[in-house]
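J.: In order, the protein sequence lines correspond to chains A and B. Per the working numbering, the very first residue in the first sequence carries number 1; after that it's consecutive. Per the working numbering, the very first residue in the second sequence carries number 265; after that it's consecutive.
What the hints contain is simulated information worked out from the structure, not anything from laboratory work. If you're wondering where the values come from, they're calculated on a predicted model, not measured in any experiment. A hint or two may mislead.
Claimed, not checked - Derived lysine-lysine pairs resembling DSS-like cross-links, with alpha carbons at most 25 angstroms apart:
1. Lys520/B to Lys287/B
2. Lys147/A to Lys480/B
3. Lys286/B to Lys480/B
4. Lys455/B to Lys351/B
5. Lys147/A to Lys380/B
6. Lys520/B to Lys331/B
7. Lys480/B to Lys52/A
8. Lys458/B to Lys480/B
9. Lys48/A to Lys380/B
10. Lys476/B to Lys458/B
11. Lys147/A to Lys52/A
12. Lys458/B to Lys488/B
13. Lys458/B to Lys351/B
14. Lys331/B to Lys287/B
15. Lys147/A to Lys458/B
Stated by the list, open to error - Examples of chain A residues lying across from chain B (beta carbon under 10 angstroms, computed):
16. Lys52
17. Val55
18. Glu125
19. Leu138
To be verified - Computed footprint of chain A on chain B, listed as stretches where at least three residues anywhere in the stretch have a Cβ under 8 angstroms from a Cβ of chain A:
20. 270-280
21. 349-355
Don't be surprised by glycine CBs; every beta carbon is placed ideally from N, CA and C.
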Amino acid sequence: MKVKNYSINDFFQTIGHSLLSFFAAVGQFSAFAGLSVSHVFRAPFFPKNFLKQIVSIGYYSLPVVGLTTFFTGMVLALQSYTGFTRFNAESAIASVVSLSITRELAPILAGLMVAGRVGASIAAEIGTMRVTEQIDALRTLSVNPFKYLVVPRLIAGTLTLPILVLIGDLIGIMGGYIVSVHVLGFSAGSYLSQSWDVLQPMDVISGLAKAAVFGFIVTIMGCYHGFNSGRGAQGVGAATTNAVVTSSILILIFNYILTQVFFS
Amino acid sequence: MSEAVQTPKISMRDVRKSFGTKKVLNSIDLDVAEGESCVIIGGSGTGKSVTLKCVLGLIKPDSGSIKIDGTEITEMDNDDHEDVMSKFGMLFQGGALFDSLPVWENVAFGLIHGRKMDREEAREIAMQKIEAVGMGRQVGDLYPAELSGGMQKRIGLARAIAANPEIIFFDEPTTGLDPIMADVINDLIVKCVKDLGATALSITHDMASARKIADKVTMIHEGKLIWTGSVEELDNSNNEYVDQFIHGRAEGPITKHANMV
Ligand SMILES: Nc1ncnc2c1ncn2[C@@H]1O[C@H](COP(=O)(O)OP(=O)(O)OP(=O)(O)O)[C@@H](O)[C@H]1O
Ligand SMILES: [Mg+2]
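Kindly produce the complete structure, drawing on both the sequences and the hints.
T.: Given below as structure tokens:
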């Protein structure tokens, strides 16, 4: 009996501790995010850092985003064909491909890919700077690390991800087109016109808006975990992992919330 | 008379700091007058670097007061604190050079971003400082990762003094340098203090360096400053902790206590 009481106590204690530390982390993160955003609009700005981030977040993510959306567009066409032939509704393939790509898949794929690529590298870079005291050094040289490190990344992420997704939209639809026309034998003209006709501006815009939110999530999570990195190589490693995991989960959660907002 | 009323450049009162359950600073009191060079000595891991970081505001002390030019800095908000920072130069123990920037831009960083100086002008000053710490101008175009440990240390020093700060902190400026270069650096530190009238607070384990650069020496042990005096007093301090430390003896009160814990 005594043993049982003890273990129940223990159980609640564990839950209590994890809840407490969860809320502490949420509070700490909110403070960090608030501070970061408050620096976005205040001079001095570091345009060189910003351009560098545009290149490393946007330009270097093009191949991975292009490839994933391309193959997803292709597989969508193939899968919907196998499904729709049962109902003699092959003509719906073009609409399925273009709607799913623009509304859901391009933003999600780009977001997750960028979370892996960019979120990890931001956390590793800033974490290393924290561990080797470079962030302290910035402050002693009268440069605010939020303005120098965080703000350029936040803006670059929020602005470039929509552009990546727009490119991903085009490439994904092209993937569907190639499979439909060259493998499944549809007419090129009717496929293209169907893809175009079904798309409403809102389909594309909602995808781009999601992308902007995902870009913000990835970069702020990378910066936050880097800034709060533990000591040593192990600390930086953990910061990197946490940045990727938390941003991926948040992307999926916010994807649901935003879809609910846009389409209901 | 005027000596007595002059506010110290740096003044610490009852500064305490713990990490978790570990008490690192346990009531630090220290005054450094304007233009004075103070050296902190003490064993490894006793909290010397933490003391400097508290004064810089990089670590927030748990309690106590730290005044720079008579202004309390522990309660300051971030913007005011950035202004105070412009008075400081800091040489970090590990160098802390920005590895994404070439060496000259590291040295010129405070000039370009803090003082808003023109890049070309800042580059020229940076190159002069690189020469002052005993290296050629071609080093300026390398990246920090391409330098040896001792070279990184000297570039860190060049960066700390580049903007002619009023207060300079040197965290082990001569560690990792050969004896000749160590003396060059000592001369440079003395020069900064004498010529520029800067106030210096340094940490060192190198007693030769301490004797050369210090006006005042203070020893930290178990989170307290247990002895403070002039360099001349160092050899007859009548303090067995100080004696053990400056003669580098394995036997003595410092180690006896450590073994007991
Ligand atoms: N950010 C931190 N988090 C936790 N503990 C810390 C932190 N910084 C320092 N410490 C601890 O505080 C103690 C004092 O560290 P400090 O770096 O000031 O030593 P030090 O006197 O400079 O030693 P050394 O001569 O070896 O450089 C150490 O035991 C260290 O583990
Ligand atoms: Mg130290």
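J.: Against each hint, give a clear statement of whether it holds in the structure.
T.: Structure-based check of each hint:
no.: 1; hint: Lys520/B to Lys287/B; in the structure: holds, 20 angstroms
no.: 2; hint: Lys147/A to Lys480/B; in the structure: violated, 39 angstroms
no.: 3; hint: Lys286/B to Lys480/B; in the structure: violated, 29 angstroms
no.: 4; hint: Lys455/B to Lys351/B; in the structure: holds, 18 angstroms
no.: 5; hint: Lys147/A to Lys380/B; in the structure: holds, 15 angstroms
no.: 6; hint: Lys520/B to Lys331/B; in the structure: violated, 35 angstroms
no.: 7; hint: Lys480/B to Lys52/A; in the structure: violated, 47 angstroms
no.: 8; hint: Lys458/B to Lys480/B; in the structure: holds, 14 angstroms
no.: 9; hint: Lys48/A to Lys380/B; in the structure: holds, 15 angstroms
no.: 10; hint: Lys476/B to Lys458/B; in the structure: holds, 13 angstroms
no.: 11; hint: Lys147/A to Lys52/A; in the structure: holds, 14 angstroms
no.: 12; hint: Lys458/B to Lys488/B; in the structure: violated, 29 angstroms
no.: 13; hint: Lys458/B to Lys351/B; in the structure: holds, 17 angstroms
no.: 14; hint: Lys331/B to Lys287/B; in the structure: holds, 22 angstroms
no.: 15; hint: Lys147/A to Lys458/B; in the structure: violated, 36 angstroms
no.: 16; hint: Lys52; in the structure: holds, 9 angstroms
no.: 17; hint: Val55; in the structure: violated, 14 angstroms
no.: 18; hint: Glu125; in the structure: holds, 8 angstroms
no.: 19; hint: Leu138; in the structure: holds, 8 angstroms
no.: 20; hint: 270-280; in the structure: violated (count 0)
no.: 21; hint: 349-355; in the structure: holds (count 5)
The structure shown violates the earlier hints numbered 2, 3, 6, 7, 12, 15, 17, 20.
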